[in-house]
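Each protein sequence line maps, in turn, to chains H, C, V, E, X, Z and D.
Under the working numbering, the first residue of the first sequence is numbered 1, with each subsequent residue one higher.
Under the working numbering, the first residue of the second sequence is numbered 1, with each subsequent residue one higher.
Under the working numbering, the first residue of the third sequence is numbered 1, with each subsequent residue one higher.
Under the working numbering, the first residue of the fourth sequence is numbered 1, with each subsequent residue one higher.
Under the working numbering, the first residue of the fifth sequence is numbered 1, with each subsequent residue one higher.
Under the working numbering, the first residue of the sixth sequence is numbered 1, with each subsequent residue one higher.
Under the working numbering, the first residue of the seventh sequence is numbered 1, with each subsequent residue one higher.
Rather than coming from a laboratory, the hints here were simulated on the basis of the structure.
Don't take each hint at face value.
The calculated lysine-lysine pairs, modelled on DSSO-like cross-linking and capped at a C-alpha distance of 27 Å, are [to be verified]:
#1 C:K70 - V:K63
#2 C:K54 - H:K2
#3 E:K70 - E:K54
#4 E:K54 - E:K4
#5 V:K2 - E:K39
#6 Z:K54 - X:K63
#7 D:K2 - H:K63
#8 D:K63 - H:K2
#9 C:K2 - V:K39
#10 D:K58 - H:K39
#11 V:K58 - C:K70
#12 E:K58 - V:K39
#13 E:K63 - V:K74
Spelled out from the first residue to the last, the chains are:
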Amino acid sequence: MKIKPLDDRVLVEQIEEEEAKVGSIIIPDTAKEKPRMAKVIAVGTDEDLQEHVKVGDKIIYSKYSGDEIKVDDKEYLIVQRGDILAIVG
Amino acid sequence: MKIKPLDDRVLVEQIEEEEAKVGSIIIPDTAKEKPRMAKVIAVGTDEDLQEHVKVGDKIIYSKYSGDEIKVDDKEYLIVQRGDILAIVG
Amino acid sequence: MKIKPLDDRVLVEQIEEEEAKVGSIIIPDTAKEKPRMAKVIAVGTDEDLQEHVKVGDKIIYSKYSGDEIKVDDKEYLIVQRGDILAIVG
Amino acid sequence: MKIKPLDDRVLVEQIEEEEAKVGSIIIPDTAKEKPRMAKVIAVGTDEDLQEHVKVGDKIIYSKYSGDEIKVDDKEYLIVQRGDILAIVG
Amino acid sequence: MKIKPLDDRVLVEQIEEEEAKVGSIIIPDTAKEKPRMAKVIAVGTDEDLQEHVKVGDKIIYSKYSGDEIKVDDKEYLIVQRGDILAIVG
Amino acid sequence: MKIKPLDDRVLVEQIEEEEAKVGSIIIPDTAKEKPRMAKVIAVGTDEDLQEHVKVGDKIIYSKYSGDEIKVDDKEYLIVQRGDILAIVG
Amino acid sequence: MKIKPLDDRVLVEQIEEEEAKVGSIIIPDTAKEKPRMAKVIAVGTDEDLQEHVKVGDKIIYSKYSGDEIKVDDKEYLIVQRGDILAIVG
Numbered sequence: 001m002k003i004k005p006l007d008d009r010v011l012v013e014q015i016e017e018e019e020a021k022v023g024s025i026i027i028p029d030t031a032k033e034k035p036r037m038a039k040v041i042a043v044g045t046d047e048d049l050q051e052h053v054k055v056g057d058k059i060i061y062s063k064y065s066g067d068e069i070k071v072d073d074k075e076y077l078i079v080q081r082g083d084i085l086a087i088v089g
Numbered sequence: 001m002k003i004k005p006l007d008d009r010v011l012v013e014q015i016e017e018e019e020a021k022v023g024s025i026i027i028p029d030t031a032k033e034k035p036r037m038a039k040v041i042a043v044g045t046d047e048d049l050q051e052h053v054k055v056g057d058k059i060i061y062s063k064y065s066g067d068e069i070k071v072d073d074k075e076y077l078i079v080q081r082g083d084i085l086a087i088v089g
Numbered sequence: 001m002k003i004k005p006l007d008d009r010v011l012v013e014q015i016e017e018e019e020a021k022v023g024s025i026i027i028p029d030t031a032k033e034k035p036r037m038a039k040v041i042a043v044g045t046d047e048d049l050q051e052h053v054k055v056g057d058k059i060i061y062s063k064y065s066g067d068e069i070k071v072d073d074k075e076y077l078i079v080q081r082g083d084i085l086a087i088v089g
Numbered sequence: 001m002k003i004k005p006l007d008d009r010v011l012v013e014q015i016e017e018e019e020a021k022v023g024s025i026i027i028p029d030t031a032k033e034k035p036r037m038a039k040v041i042a043v044g045t046d047e048d049l050q051e052h053v054k055v056g057d058k059i060i061y062s063k064y065s066g067d068e069i070k071v072d073d074k075e076y077l078i079v080q081r082g083d084i085l086a087i088v089g
Numbered sequence: 001m002k003i004k005p006l007d008d009r010v011l012v013e014q015i016e017e018e019e020a021k022v023g024s025i026i027i028p029d030t031a032k033e034k035p036r037m038a039k040v041i042a043v044g045t046d047e048d049l050q051e052h053v054k055v056g057d058k059i060i061y062s063k064y065s066g067d068e069i070k071v072d073d074k075e076y077l078i079v080q081r082g083d084i085l086a087i088v089g
Numbered sequence: 001m002k003i004k005p006l007d008d009r010v011l012v013e014q015i016e017e018e019e020a021k022v023g024s025i026i027i028p029d030t031a032k033e034k035p036r037m038a039k040v041i042a043v044g045t046d047e048d049l050q051e052h053v054k055v056g057d058k059i060i061y062s063k064y065s066g067d068e069i070k071v072d073d074k075e076y077l078i079v080q081r082g083d084i085l086a087i088v089g
Numbered sequence: 001m002k003i004k005p006l007d008d009r010v011l012v013e014q015i016e017e018e019e020a021k022v023g024s025i026i027i028p029d030t031a032k033e034k035p036r037m038a039k040v041i042a043v044g045t046d047e048d049l050q051e052h053v054k055v056g057d058k059i060i061y062s063k064y065s066g067d068e069i070k071v072d073d074k075e076y077l078i079v080q081r082g083d084i085l086a087i088v089g
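Bound conformation, chain H alone:
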């Protein structure tokens, strides 16, 4: 099953905290907040977005952003371009 985000959205899966720590980026907040780093699974239909964000990119996204969905019991997020803060290389 393939999920194609519409327009300027990306489909991402969150990177586990341990893995994220290896990569050594943590985005903590008030307390035990989930890291806000994720891997891009699919890029939306917007062409300008496709030039800037690629499948496999790791992104940092802003707090309280993203729509949660679950596919085959795995959680994903759909994040809008305006909530993508940076790409981690």
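Add chains C, V, E, X, Z and D to chain H, keeping to what the hints say.
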């Protein structure tokens, strides 16, 4: 009776939870939330939308979006483009 | 007396519930809500709107939209394009 | 004394309820609301507006809109284009 | 000392109530409200505004608009174009 | 140390009340409000702004606007173009 | 690990208060507020931004702006162009 959405809207019917589970996408939230996956019945008059979304497509739409209508005792939703998160292929 | 909506508005009259049921579209909400289906009596001065909506069209409009007016003791609504969800054919 | 509205505004005088009833348009609301029909006295400097609204036109305007002014003890309203719902012919 | 409003603003001085009554325009509101008629002292740098509003023009401006300043113990207002309702000739 | 405002901002220093009174402009408000007159120290990178506002200009700025900063124990403000009401010559 | 801000954002690291005092800019507020001066580590993908802000620039940013992230136990901020007040040379 035919319903033609105006401008950048689509007419959709929600996909039953069982059927959605077969397709294995669930979009749960706080508790017993309806899956937010639906099948496109009609695409609005906007030409750019028509290039991106087709009749028969399955879409995931954002929470609290869509206007409910009932035709021949069957419920439908009219969803704006900005609330279509992704197309499921 | 003729009423010409300005810009991107339409003048409509609500379709009676019985008649609407024959046409079999009902747009219920929390409780006894009026059906939100109406017949277009006049189309505004906006040319793009005139291409998409015609006198005699039946429209579905969004909740809490429209300005009520009364002409010769008959009630009408003036609805903006952005509140027209679909055209029923 | 001449009052020239600036930009996309019109100067109007409200049509008395009796006269408005002869014309048979009433725009009632919760209770004893003033009819919202008025006669155009002057059209603003905006050229596009001047093509659509003429001195002498009767307009219906939206609720809670318009700035009241008084000239020679007579009350007028200055109404923005966006609050003009329709022109009555 | 010369005050040049920036962009689409005008510098005005309020017209005294007595003088305003001679001119016979009063813009009362809930109670003892100051008349909202003023004389233009300087027009902002915006060229389009300069075509529509001239030094010496009497304007009517909308309620709660304008920034008060005091020069040589005399009060002035700086009013934005969007708050100028009409020009009185 | 040089501070270059970005885009359509200006760096200003407030003019002392005594000095401001000599220049005789006071912008009082509810009570003991600081005069809102200031001298331009640096103009932002926006070219259109640079045509309208020059280093050394005295400006009047709107209430509650400006970001305070302190350089070498001296206070400055960074004010956006939209909050510059007028230039005093 | 490289962090590339997306669109019109910059990645910055805050300048320590002592260092900032040497540079002698302090941006105090109600009480013990952190100085809002920071050094640019990476500039976003937006080309116009890249012309105005360079890696190594010291910026002053507005209050309550910026998203905090932590890389290798060091804190950074991602700040949008609209929150960059000035560049310090």
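To see whether the hints hold, each was checked on the structure:
1. C:K70 - V:K63: Holds, at about 14 Å.
2. C:K54 - H:K2: Cα-Cα ~16 Å, so holds.
3. E:K70 - E:K54: Cα-Cα ~22 Å, so holds.
4. E:K54 - E:K4: Since the Cα atoms of K54 (chain E) and K4 (chain E) sit roughly 13 Å apart, the hinted pair holds (cutoff 27 Å).
5. V:K2 - E:K39: Cα-Cα ~15 Å, so holds.
6. Z:K54 - X:K63: violated (33 Å)
7. D:K2 - H:K63: The hint holds at about 21 Å.
8. D:K63 - H:K2: Violated - the C-alpha atoms of K2 (chain H) and K63 (chain D) are around 42 Å apart, more than 27 Å.
9. C:K2 - V:K39: holds (15 Å)
10. D:K58 - H:K39: Violated - the C-alpha atoms of K39 (chain H) and K58 (chain D) are around 31 Å apart, more than 27 Å.
11. V:K58 - C:K70: holds (15 Å)
12. E:K58 - V:K39: holds (24 Å)
13. E:K63 - V:K74: At roughly 19 Å apart (the allowed maximum being 27 Å), K74 (chain V) and K63 (chain E) satisfy the hint.
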